[in-house]
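Visitor: Sequence:
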Amino acid sequence: EYAIYAVFAEKGGKIHFKTDNRELFDFSLEQVEESSFKLEYKTYDLHNSDMNSVNIETEYERNFSAKGFDINMLIAENIK
1 EYAIYAVFAE
11 KGGKIHFKTD
21 NRELFDFSLE
31 QVEESSFKLE
41 YKTYDLHNSD
51 MNSVNIETEY
61 ERNFSAKGFD
71 INMLIAENIK
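In the working numbering, the protein residues as written are 1 to 80.
Treat each hint with caution, since some may be false.
No farther apart than 27 Å at their CA atoms in a straight line, the calculated lysine-lysine pairs in the DSS-like style are these [stated by the list, open to error]: (1) Lys38 with Lys80; (2) Lys42 with Lys18; (3) Lys42 with Lys67; (4) Lys42 with Lys11; (5) Lys14 with Lys42.
Hint data in this document are derived by calculation from the structure and do not stem from the laboratory.
Please build the complete structure, drawing on both the sequences and the hints.
Guide: In structure tokens form, the structure reads like this:
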């Protein structure tokens, strides 16, 4: 079983992934579904979600959000 993001986390490890690029985000969701990862959380609009209160905003995120881009986020755990 292969998925591009599997190399980033051992069993029990989690990926917290944020992007303003919807195509990349959708690709990432597909990769999670095809892998040993379990999707724990996803949002297509992080700044208007329940996770915003604990979000650590990056400079890139701030810049793209200011330009009107929604920030997508997922959290996935490697279960194998």
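Visitor: Hints first: check each against the structure and report whether it holds.
Guide: Results of checking the hints against the structure:
| no. | hint | verdict |
| --- | --- | --- |
| 1 | Lys38 with Lys80 | holds, 10 Å |
| 2 | Lys42 with Lys18 | holds, 10 Å |
| 3 | Lys42 with Lys67 | holds, 22 Å |
| 4 | Lys42 with Lys11 | holds, 20 Å |
| 5 | Lys14 with Lys42 | holds, 13 Å |
In summary, this structure violates none of the numbered hints.
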